[in-house]
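Enquirer: Chain by chain, the residues:
There are 2 protein chains.
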Amino acid sequence: MSLEPPLDDIAPAIGSASRGVIAAMMAGVAARGFEGMTPAFASLIPLLDATGARPTTLAARAGITKQAISQLVRELEKRGYVEQAADSSDTRAKIVRLTPRGVALRAACFAVRQEMQAAAGAALGPARMARFRKDLAELMAAIAALRAPAGGARAARAAVSRPAGRR
Amino acid sequence: MSLEPPLDDIAPAIGSASRGVIAAMMAGVAARGFEGMTPAFASLIPLLDATGARPTTLAARAGITKQAISQLVRELEKRGYVEQAADSSDTRAKIVRLTPRGVALRAACFAVRQEMQAAAGAALGPARMARFRKDLAELMAAIAALRAPAGGARAARAAVSRPAGRR
DNA sequence: GCCTGTGGTCAAGGTCATTGACTAGATTGG
DNA sequence: CCAATCTAGTCAATGACCTTGACCACAGGC
Chain A
0 MSLEPPLDDI APAIGSASRG VIAAMMAGVA ARGFEGMTPA FASLIPLLDA
50 TGARPTTLAA RAGITKQAIS QLVRELEKRG YVEQAADSSD TRAKIVRLTP
100 RGVALRAACF AVRQEMQAAA GAALGPARMA RFRKDLAELM AAIAALRAPA
150 GGARAARAAV SRPAGRR
Chain B
0 MSLEPPLDDI APAIGSASRG VIAAMMAGVA ARGFEGMTPA FASLIPLLDA
50 TGARPTTLAA RAGITKQAIS QLVRELEKRG YVEQAADSSD TRAKIVRLTP
100 RGVALRAACF AVRQEMQAAA GAALGPARMA RFRKDLAELM AAIAALRAPA
150 GGARAARAAV SRPAGRR
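If you read the protein sequences in the order shown, they are chains A and B.
First residue of the first sequence? That's 0 in numbering that gives the first Met the number 0, and the numbers climb one at a time after it.
First residue of the second sequence? That's 0 in numbering that gives the first Met the number 0, and the numbers climb one at a time after it.
Source of the hints: derived by calculation from the structure; they are not laboratory data.
Among the hints, a few may not be true.
[Claimed, not checked] Simulated pairs of lysine to aspartate or glutamate, EDC-like, Cα-Cα distance not exceeding 20 Å: (1) LYS133/B to ASP8/A; (2) LYS133/A to ASP8/B; (3) LYS93/B to GLU82/B; (4) LYS133/B to ASP7/A; (5) LYS65/A to GLU82/A; (6) LYS133/A to GLU137/B; (7) LYS133/B to GLU137/A.
[Said to hold, decoys possible] Derived Cβ-Cβ restraints for the label pairs, each shown as a range: (8) GLU74/B to ALA29/A: 31 to 41 Å; (9) ALA110/B to ALA121/A: 33 to 43 Å; (10) THR56/B to ALA85/A: 53 to 63 Å; (11) ARG132/B to PRO125/A: 18 to 28 Å; (12) PRO99/A to PRO11/B: 21 to 31 Å; (13) GLY35/A to ALA52/B: 35 to 45 Å; (14) ALA144/B to ALA140/A: 24 to 34 Å; (15) THR50/A to THR37/B: 30 to 40 Å; (16) GLN70/B to ALA121/A: 33 to 43 Å; (17) ASP7/A to THR55/B: 18 to 28 Å; (18) ARG130/A to GLU34/B: 33 to 43 Å.
Since we're looking at a predicted model, the values are computed, not measured.
We treat Cβ as the ideally placed atom computed from N, Cα and C, and that holds for glycine.
Let the sequences and hints guide you as you build the complete structure.
Expert: Right, dumping it as structure tokens:
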């Protein structure tokens with residue numbers, strides 16, 4: 000065996016990058032005057048629009064269970080960012096819709112994202128940015144493929160990106 | 000307001016990458032026969048060595064509070080991966096040391112990391128890998144710098160990478 | 001009209017980490 | 001030598017986030 004520890008390891012690097020992005024997101028949103036936000040809110044809000052969406056749809060988009068969405072929505076409703084309405088075409092269903100305040104929050108989220116994107120673009124330039132995105136995608140595909148030695152690569156990808164979808 | 004959503008956004012991409020890496024890590028460790036592992040263990044174990052380290056040191060390395068380390072260590076001890084000993088040079092201090100079983104687990108963690116690294120290297124080649132790491136680092140520096148409009152860039156970096164150091 | 005599938009909820013639990021308050025031993029400076 | 005202080009680690013409580021499991025109510029096909 001080698002002397003190893005390959006200390007320039009991608010796994011921790013990506014983890015720490017993820018934490019950094021989340022921290023920046025939270026800071027940016029707070030700086031725009033939205034207090035008491037949490038990372039989960041910041042990633043759920045951009046999935047919504049003023050038209051409204053069903054919780055189940057949101058769950059699928061976010062890659063979490065509908066119970067989890069339910070809880071988050073309840074919290075967001077409590078804070079006045081979303082409201083729930085009945086779906087006229089399906090008595091069982093609800094529609095989660097952004098309130099005006101929610102729309103403002105969503106705008107703030109997008110603004111922060113764009114700010115990050117802009118900072119990234121300024122640091123790397125468009126060409127390297129594009130390259131980076133491509134590399135990242137291929138990297139993740141390669142790592143996801145580890146779980147699927149042969150055959151069901153499709154299934155493995157789905158399993159990774161959706162923690163506990165259906166049984 | 001543009002039509003925007005810049006859907007090829009780095010923030011979600013990095014988040015999803017991070018989740019993918021964690022999933023792969025867990026799967027790999029499980030495949031090597033270590034059941035009941037959790038992501039936190041998988042990221043703590045590689046920070047240990049057979050020589051032993053103090054909880055406070057570990058906390059600093061992991062970027063979390065010493066209380067959090069304390070809990071994790073307790074769990075790991077319960078599962079037989081680490082043991083605690085008194086530090087002869089300081090009565091207050093403890094030394095956290097891997098048991099033989101813990102050493103095996105650590106080896107498995109490194110093996111999985113190397114597997115991922117190898118898969119990544121195979122997919123991208125060494126040149127693109129190196130480039131990717133560099134881009135990632137610059138990207139994160141740029142995003143971290145957003146938090147520090149002027150002056151204390153150093154402090155902001157530290158704040159991001161260490162959630163709750165000292166008060 | 002029943003039967004199955006889907007939308008959503010309640011309840012409980014688990015993981016990871018935090019803040020706050022505290023004890024006990026180490027250190028430093030008069 | 002001793003008081004003031006710093007440092008190592010703990011306990012207790014809390015919070016964010018998400019899961020599994022068990023349900024109920026409605027939709028829709030046959």
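Enquirer: Hint by hint, work out which the structure violates, then give me just those numbers in ascending order.
Expert: none
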